[in-house]
Amino acid sequence: MPTPLILLFYYTASKVKSQGEKHRAALDFHSKVWYTISVHEILKLVIFLLEIKELSWSAPDGRKIIKDLSLTIPNNKLTVITGPNGSGKTTLAKLIAGVETAESGSIFLDGEDITPLDITQRAKKGIGFAFQQPVRFKGITVKDLLVLAAGGIASEDKLNDVLLKVGLQPEKYLDRDVDAHLSGGEIKRVEIATVLLRSSKLMVFDEPEAGIDIWSFNNLIDTFSQLKSSTDSSIIIISHQERILSIADEIILLRDGDICEQGKRDSMFPRLFCAGGEDCQCPNCIKGGASE
Amino acid sequence: MSEVNGITKQLLEIVSDFGGKFDGAYNIRQDCQSVARQSTEHIKIVNKADGKPGIEIHISPETQDEKVYIPACITQADVDDLVYNDFFVGEGADVIIVAGCGVHTETNELSRHSGVHRFFLGKGSHVLYVEKHVGEGADDGNRTIDPVTDAEIGEGAVLEMDTSQLGGVTSTSRKCHIKMDKEAKLIIRERILTDKRQTASTDFVVEVNGEDASVNLISRSVAKGNSYQEYSSKIIGNARCTGHSECDGILAENGKVSAQPSLIANCKDAELIHEAAIGKIAGEQILKLRTLGLTEEEAEATIINGFLK
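Quick mapping for you: the protein sequence lines, in order, are chains S and V.
6 is the number of the first residue of the first sequence in the numbering used here; add one for each residue after it.
456 is the number of the first residue of the second sequence in the numbering used here; add one for each residue after it.
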């Protein structure tokens, strides 16, 4: 076996051993005894950070919103999940973060089954989540919230830097309460900053563009583009926005609670924005999942 | 300060940031009597001229950036302390008054501190009045703090009252009656935390008598356990003025809050607003903090601490 492949195997198998009691692989490094490990699982662990298997969730009124959905999120890539209104995008994001609990199915993060973990535990495992509609806190300042996000300690430089990344002037915002005195767009940017500060393995942003003005949106696109190239994290963005889709490595189209199609941006993007109009009948058109 | 006992020193650290000594003028009241006092060039503290228990604080006109501390502590059970303190603030003075109260008891016999404070703010003066209340000692201690504040705010003067009850007080009744002259400004920030079977009531009455005066009342309360809080405010606009009253309450466990805000406009140019919100901690707030790695209990404590900050 070529050396790089052996190293890859050792690395992956040790990862599996430490993390996955549910995985079939194991490796005894002392006796150098090899156990069976499927090549498929090795590749999945190396390539994918998150794997979802047959996930289902219903609304309190009984409507099934997520239907036996399975997908994989690649390591160190920016994945945009898009789809029509009501297709289950936000619910899926909440299920990943543990904000909602799945009825059935499994979620694996870095090879570990995190399905039984609650929100706090998933956050500690490395999932960051930015809500589509951030909440407000009376008496908690932007600085307080950012320091909490950073784990209790953050230098002034770090706080300033993250606020600038989301288009907020630190000197104007750090001491302001995260309450009704901040506009919807301002509070949204603070929300995004809390996730950027956490250095998570997986960052999930639910419609980060919602409520943000065009100037701040440009700034946000730059931030996500830079983040993509500068971080080891995987990024999931729930979005309809063409410009966000355009910076994706991978696009997942959700429709009616399940994956309609998943692929590289270059193959998915032109078909999402086919010029053929709403009633386009061209065979490859998958439009309907995104809007300009 | 040799007569200041250990319990008082501990209470002073909580209610008036006592670091072993006070810089500036002070009067420390312990178990119904003054045990330490110091006047300064611009701030004189003397016994009340009318013979009632308490002190008069005379602040010279144009006194700038000075502090005066007048904390009161009760360090044992079965003490009933009633004190009258009068503050005369000269024109143009700008001072901070720190007036905390701590009650420590180890048995369930009642101990009470009732402080009746009267303020007379001269033209153009500015007072920041900071008052923290705390109860310490045995869980079943019976501790009562009943403050009364009467103030007359002169032309262009500003009174900021920053009051907080940090916990451990079995019952409290705060009464506040304030009269405002023209261009006067009043800001009251009140924060109250109750737990177990504690009760707290607040009764603010503000008469805005001068033109272009403004008042802003902000009350935040957290009622935990089986505690009960009552908030009543009345802003009376007798002239062209602005008034704003905001009352927010968080309920935890079986806590109850009653808010009765009232606005009376006796002048067509009086602009008075009230906002009130009472409810449990929003589930979304807990969820957000949990996505930052906090447990549910840590999230709740963070929200309450911030709210009462």
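Don't read these hints as lab results, they were simulated from the structure.
Cβ coordinates follow ideal geometry from the N, Cα and C atoms, glycine included.
Hints may contain errors.
[Stated by the list, open to error] Pulled from the structure, derived: some chain V residues nowhere near chain S, Cβ distances all over 10 Å:
1. Thr495
2. Pro716
3. Lys723
4. Leu744
[To be verified] In silico SDA-like links for lysine to any residue, alpha-carbon gap of 20 Å or less:
5. S:Lys82 / S:Ser204
6. V:Lys522 / V:Gly475
7. S:Lys129 / V:Glu753
8. S:Lys143 / V:Glu753
9. S:Lys143 / V:Lys630
10. V:Lys630 / V:Glu610
Now the hints, each set against the structure:
no. : hint                : verdict
1   : Thr495              : holds, 32 Å
2   : Pro716              : holds, 17 Å
3   : Lys723              : holds, 29 Å
4   : Leu744              : violated, 7 Å
5   : S:Lys82 / S:Ser204  : holds, 15 Å
6   : V:Lys522 / V:Gly475 : holds, 16 Å
7   : S:Lys129 / V:Glu753 : holds, 14 Å
8   : S:Lys143 / V:Glu753 : holds, 17 Å
9   : S:Lys143 / V:Lys630 : violated, 26 Å
10  : V:Lys630 / V:Glu610 : violated, 23 Å
Hints 4, 9 and 10 from the earlier list are contradicted by this structure; the remaining hints agree with it.
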